[in-house]
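K.L.:
Quick mapping for you: the protein sequence lines, in order, are chains A and U.
Going by my numbering, the first sequence opens with residue 1, and the numbers climb by one from there.
Going by my numbering, the second sequence opens with residue 1, and the numbers climb by one from there.
Hints are computed from structural coordinates only; laboratory data are not their basis.
Heads up, a few of these hints could be off.
[Stated by the list, open to error] The calculated SDA-like cross-link candidates involving lysine to any residue, where the alpha carbons are at most 25 Å apart (straight line), are:
| id | chain 1 | residue 1 | chain 2 | residue 2 |
| --- | --- | --- | --- | --- |
| 1 | A | Lys104 | U | Lys112 |
| 2 | U | Lys20 | A | Gly3 |
| 3 | A | Lys20 | A | Ser46 |
| 4 | U | Lys112 | A | Glu12 |
| 5 | U | Lys88 | A | Ala223 |
| 6 | A | Lys166 | A | Ser176 |
| 7 | U | Lys88 | A | Ser46 |
| 8 | U | Lys112 | A | Gln57 |
| 9 | A | Lys104 | U | Arg9 |
| 10 | U | Lys122 | A | Lys104 |
| 11 | U | Lys122 | U | Gly97 |
| 12 | U | Lys104 | A | Met4 |
| 13 | A | Lys166 | A | Pro50 |
| 14 | U | Lys122 | A | His316 |
| 15 | U | Lys190 | U | Tyr202 |
[What the hints assert, rightly or not] One side of the interface only, derived from the structure: several residues of chain A facing chain U at Cβ under 7 Å:
| id | residue |
| --- | --- |
| 16 | Val29 |
| 17 | Leu34 |
| 18 | Asp41 |
| 19 | Val44 |
| 20 | Ser83 |
| 21 | Arg103 |
| 22 | Asn119 |
| 23 | Ile250 |
| 24 | His316 |
[Said to hold, decoys possible] Which stretches of chain U does chain A cover? Using the computed rule of at least three CB atoms under 8 Å from a CB of chain A, they are:
| id | stretch |
| --- | --- |
| 25 | 96-107 |
| 26 | 119-127 |
| 27 | 177-188 |
| 28 | 228-242 |
| 29 | 253-260 |
Computed from a prediction, not measured in an experiment: that's the story for all the values here.
Yeah, the Cβ is synthetic: ideal placement off N, Cα and C, and Gly gets one too.
Number of protein chains: 2
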Amino acid sequence: MNGMVGERRVIEIISSHIGKRCYDDVELVHVNGLEVALKCDMLVESTDVPRGMEPWQIARKSIVASISDMASKGVRPSYALISLALPKGIDEDYVRGMAGGFRKAAREFNIKIVGGDTNEGKELIIDCCMLGIVEEGSRFVRRSGASSGDLILVSGPFGYTKAGLKILLEDAKASSWFRARALRSVLMPKPRLRFGLMLARYATSAMDSSDGLAYTLHEMSRASGKRFIIEHKPIGRGVERFARDNSLSIDDLVFYAGEEYEIVSTVRREHLEDVIRIARSTGCQMMVIGIVQDGNGVYIRDEHGERELERYGWEHLALT
Amino acid sequence: MNGMVGERRVIEIISSHIGKRCYDDVELVHVNGLEVALKCDMLVESTDVPRGMEPWQIARKSIVASISDMASKGVRPSYALISLALPKGIDEDYVRGMAGGFRKAAREFNIKIVGGDTNEGKELIIDCCMLGIVEEGSRFVRRSGASSGDLILVSGPFGYTKAGLKILLEDAKASSWFRARALRSVLMPKPRLRFGLMLARYATSAMDSSDGLAYTLHEMSRASGKRFIIEHKPIGRGVERFARDNSLSIDDLVFYAGEEYEIVSTVRREHLEDVIRIARSTGCQMMVIGIVQDGNGVYIRDEHGERELERYGWEHLALT
């Protein structure tokens with residue numbers, strides 16, 4: 001273990017060397033007076049691709065991750081570059097499948113894939129680099145910015161992605177409806193692009209949930225220097241029963257999964273009606289899950305009182 | 001072998017799916033009236049990193065590749081994102097070394113590394129995505145654009161990189177001076193950023209030589225629909241002796257190596273004096289190597305007459 005580092009320590013070391021001080025999900029740079037948003041997200045076969053995923057779904061997912069981050073910041077994505085590492089001996093059908101997934105994603109999210117780089121490596125790697133524009137009349141929504149009294153909301157229900165992985169990889173028990181819903185959340189995730197772009201006008205802070213809901217809430221709470229109180233867990237339909245049938249914890253499915261690609265946001269109470277209207281018009285099952293207060297930390301409040309929501313989330317290179 | 005594909009076929013398949021028709025070393029997109037250049041380049045440990053390369057040199061080289069492409073197009077690079085895949089168990093000293101290399105490269109080329117993505121994978125992968133601006137008074141130099149009568153030039157001598165790899169990996173014989181020069185070309189490549197930016201005003205076409213000089217000349221000849229005649233081989237000092245001492249072909253070292261990060265360009269004859277001045281002021285050993293004519297293909301002309309320069313170059317996933 002001597003000297004080994006986890007993902008967060010790697011980020012600390014590199015950030016301190018390159019003089020990076022401010023963290024957000026998307027980088028904002030100024031180019032001749034224009035605000036340009038940049039994002040890269042790497043998909044790695046051995047850690048990000050569950051068994052049973054088709055090549056086109058893998059390619060599509062590699063783009064979804066950046067779309068979701070752009071959406072949470074209120075930035076319309078425009079262009080993408082794709083860097084590939086492919087294992088030697090990969091066959092043409094597989095490449096055609098992936099190419100179809102890139103095309104599908106480009107159409108679905110109205111972006112243009114303008115180029116990339118192709119390499120040989122030990123496993124499939126897809127790095128998607130995306131450029132977006134903060135549109136006129138919109139604004140770049142940061143992780144920070146929540147005020148006391150703001151409502152905390154999520155763009156949809158939680159619990160499906162971890163359930164989907166349990167079904168795919170461990171053959172967990174599920175009704176056929178739930179099975180389909182949970183698998184779709186893993187294989188065909190839907191980032192909330194239209195919702196995010198319209199929400200930006202009202203969001204005081206926002207972030208996408210791809211590292212897990214608990215981690216996301218803690219990051220936002222810390223960035224704003226506020227206490228987040230969660231009063232309603234955004235439990236997806238069927239998740240309680242799935243948890244019971246498979247002896248799993250509901251909190252684990254809802255708060256400690258990741259890759260839901262939902263937007264977590266805070267808004268001022270007086271904008272709730274506007275935000276409900278936006279959710280309806282974009283087909284999101286938005287839920288208000290809590291409230292922002294003075295203080296620190298993230299707490300669950302229920303009939304038993306308040307307890308802290310443990311802060312952990314997905315970490316690559318974890319030293320466990 | 002059934003159905004297996006090489007790198008160029010992968011690029012064809014994906015390009016046809018995403019509707020990409022025009023190829024160049026850097027992508028040019030239009031963002032609210034601004035011309036923005038984008039480039040990504042992935043470094044893969046198992047194919048791009050020779051034994052004996054330090055972590056800071058690996059990190060620096062991952063940035064050099066994109067700098068060189070930007071330079072050849074006359075684009076000043078501004079911002080970079082870095083996506084990493086790191087093997088589990090990587091130690092802190094290694095990460096610190098890499099971080100130092102990123103910092104060094106950022107200072108050397110006056111770019112800002114604004115963010116990135118950290119992942120776990122089976123081997124070290126560094127994908128650098130870069131954004132640059134075509135400056136006022138400059139222009140984006142394409143692979144195409146050479147006219148009959150133009151001179152063909154290179155920004156420096158060739159033959160060192162393949163020699164360096166032979167020394168590093170196969171313990172090839174070399175004088176201590178040559179050894180140092182050749183190893184520097186592999187471990188500390190110098191992209192021609194200042195030269196490229198100043199050359200853009202005069203270049204009728206240009207490309208960087210990173211896939212090998214023969215491949216580069218063929219790409220440029222084809223893109224312009226012209227015949228390239230090479231009259232002087234840009235053989236680096238000491239390369240002939242190194243070839244003789246190790247029973248290697250000079251042409252192989254000069255034309256079929258790659259990763260020299262030199263700029264290959266065409267200019268009108270009347271601009272030669274200007275270009276010589278630029279080379280002097282930027283410390284480049286520029287050489288005029290040939291001339292553009294009507295026709296097709298790339299030919300070597302010497303005392304024995306003309307012969308075609310075979311067209312091959314580095315290809316990942318090669319089916320040999």
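K.L.:
All hints, please: hold or fail.
P.N.:
Here is how each hint holds up against the structure:
1. A:Lys104 with U:Lys112: Status violated; Cα separation ~33 Å.
2. U:Lys20 with A:Gly3: Not satisfied, since the Cα-Cα distance of roughly 45 Å exceeds 25 Å.
3. A:Lys20 with A:Ser46: violated (29 Å)
4. U:Lys112 with A:Glu12: holds (17 Å)
5. U:Lys88 with A:Ala223: violated (29 Å)
6. A:Lys166 with A:Ser176: Holds, because 14 Å separates the two Cα atoms, which is no more than 25 Å.
7. U:Lys88 with A:Ser46: holds (12 Å)
8. U:Lys112 with A:Gln57: violated (34 Å)
9. A:Lys104 with U:Arg9: Satisfied, since the Cα-Cα distance of roughly 20 Å is no more than 25 Å.
10. U:Lys122 with A:Lys104: violated (28 Å)
11. U:Lys122 with U:Gly97: holds (20 Å)
12. U:Lys104 with A:Met4: holds (24 Å)
13. A:Lys166 with A:Pro50: Holds. Lys166 of chain A to Pro50 of chain A sits at ~10 Å (cutoff 25 Å).
14. U:Lys122 with A:His316: holds (12 Å)
15. U:Lys190 with U:Tyr202: Answer holds: Lys190 of chain U to Tyr202 of chain U is near 22 Å, not above 25 Å.
16. Val29: holds (5 Å)
17. Leu34: holds (6 Å)
18. Asp41: holds (5 Å)
19. Val44: holds (4 Å)
20. Ser83: Holds: closest Cβ of chain U sits about 4 Å from Ser83 of chain A, inside 7 Å.
21. Arg103: With Cβ-Cβ at 4 Å, under 7 Å, it holds.
22. Asn119: At about 5 Å, which falls below the 7 Å cut-off, the nearest Cβ of chain U leaves the hint on Asn119 of chain A intact, so it holds.
23. Ile250: Check failed: Cβ of Ile250 of chain A comes no nearer than 28 Å to chain U, outside 7 Å.
24. His316: holds (4 Å)
25. 96-107: holds (count 7)
26. 119-127: Three-residue rule met by the stretch 119-127 of chain U, so holds; n is 7.
27. 177-188: violated (count 0)
28. 228-242: Answer violated; 0 residues pass the 8 Å Cβ test.
29. 253-260: Since 0 is below three, the answer is violated.
Checked against the numbered hints above, the structure violates hints 1, 2, 3, 5, 8, 10, 23, 27, 28 and 29; every other hint is satisfied.
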